[in-house]
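Taking mature numbering (1 follows the signal peptide of the UniProt record, and there is no 0), I'd label the letters of the sequence shown as residues -20 to -1, 1 to 247.
No lab work stands behind these hints, which were simulated from the structure alone.
In this text, a Cβ means the ideal position worked out from N, Cα and C, and glycines have one as well.
One thing to keep in mind: the hints can contain errors.
What the hints assert, rightly or not - The calculated lysine-lysine pairs, modelled on DSS-like cross-linking and capped at a C-alpha distance of 30 Å, are:
(1) K97 to K50
(2) K187 to K211
(3) K206 to K216
(4) K180 to K193
(5) K187 to K85
(6) K102 to K85
(7) K232 to K216
(8) K50 to K232
(9) K42 to K90
(10) K187 to K241
Said to hold, decoys possible - Estimated spans, in silico, between C-beta atoms of each pair:
(11) N44 to R204: 18 to 28 Å
(12) N52 to R185: 36 to 46 Å
(13) A188 to E16: 46 to 56 Å
(14) A73 to K102: 36 to 46 Å
(15) R229 to T51: 47 to 57 Å
(16) K243 to Q207: 31 to 41 Å
(17) N44 to R185: 52 to 62 Å
(18) E45 to E66: 15 to 25 Å
(19) A198 to E16: 56 to 66 Å
(20) K206 to Q36: 42 to 52 Å
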Amino acid sequence: MLKRTSLFTLFILIGLGANAQKPINIGFVDMEYILENVPEYQQASTQLDQRVKEWQNEIEQKRNEIAEMKTNLQNERALLTPELIEEREEEIAYQQEQATNYEQKRFGPKGDYMIQKRQLIKPIQDQVFTAVQEIAETRDFDFIFDRNAESGMLFAKNRFDLSEQVLRSINRASNRRQIETKQEELELERAEARTAEEDKELSEREKAIQDRKNEREALIEERRRKQDSIKEARQKEFEQRRERILKERQQKRDSIEAARKRKDTIN
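Using the sequences provided together with the hints, build the complete structure.
Put into structure tokens, the structure is as follows:
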């Protein structure tokens, strides 16, 4: 609907220009083409893609760790007290909550990806807007559209394409923009430093959890050893009792046999 409205508006403007004494001067830019040909944008976009892969790997690793925790609990449930089972379940729930929060922090509507994506494209958009204004004033354009926006533009001759002029204007402003870029990099480093501090706090929390996990595993191992020791003692006691009974039976048989031999000798 928006495309139809924009297209209808464009046709009205062209019609008004045909009836006016001074024709309406219209141009357009191709924002996608401009972004593809701005080295700074491509470099920053590649870096962001790399960060996204790292975040996705971290999320996948957390999910695998939680799955392993669930499997271990299921396998060890018979050896645990109700209190330890409840504690392990609470730990799993906490890790799941942390994983969900981390995923939202990175990829949520207000997450790092959306923020950095906006930070990445906004400087280019600002430069395009500035260049378009300068070109419009210099060449007396009445309207300049974005070919890839909701303008509904179906066809336009290349002579109305101002994208190359916008790129040249952006390149001329490259030296001035470097100062701004350094400031943005500094702000990004500060933001990453804050994130590193948050990650450190989370790491300390996870270390405490790991220590508790190690203590529980040591307790389980100690219980296993005690159970094995009790089982071994019972087995040893059974064998000793069996050996004693067999020995007594043998002694009884030997006594009976000796008595029989003495009787046979007397007779």
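Hints, one by one, checked against the model:
1. K97 to K50: The given pair, whose Cα atoms are some 36 Å apart, is violated under the 30 Å limit.
2. K187 to K211: Roughly 36 Å between the alpha carbons, so the hint for K187 and K211 is violated.
3. K206 to K216: holds, 15 Å
4. K180 to K193: Judged against 30 Å, a Cα distance of about 20 Å means the pair holds.
5. K187 to K85: With a Cα-Cα distance of about 21 Å, the restraint between K187 and K85 holds, given a limit of 30 Å.
6. K102 to K85: holds, 21 Å
7. K232 to K216: At roughly 24 Å apart (the allowed maximum being 30 Å), K216 and K232 satisfy the hint.
8. K50 to K232: violated, 60 Å
9. K42 to K90: Roughly 21 Å separates the two Cα atoms, so the pair holds.
10. K187 to K241: violated, 80 Å
11. N44 to R204: 18 to 28 Å: Given about 26 Å between the Cβ atoms, the range holds.
12. N52 to R185: 36 to 46 Å: violated, 20 Å
13. A188 to E16: 46 to 56 Å: With Cβ atoms ~48 Å apart, the hint holds.
14. A73 to K102: 36 to 46 Å: holds, 39 Å
15. R229 to T51: 47 to 57 Å: holds, 52 Å
16. K243 to Q207: 31 to 41 Å: violated, 54 Å
17. N44 to R185: 52 to 62 Å: violated, 19 Å
18. E45 to E66: 15 to 25 Å: Once the Cβ atoms are compared, 20 Å apart, the range 15 to 25 Å for E66 and E45 holds.
19. A198 to E16: 56 to 66 Å: At roughly 58 Å between Cβ atoms, E16 and A198 fall inside 56 to 66 Å, so the hint holds.
20. K206 to Q36: 42 to 52 Å: holds, 45 Å
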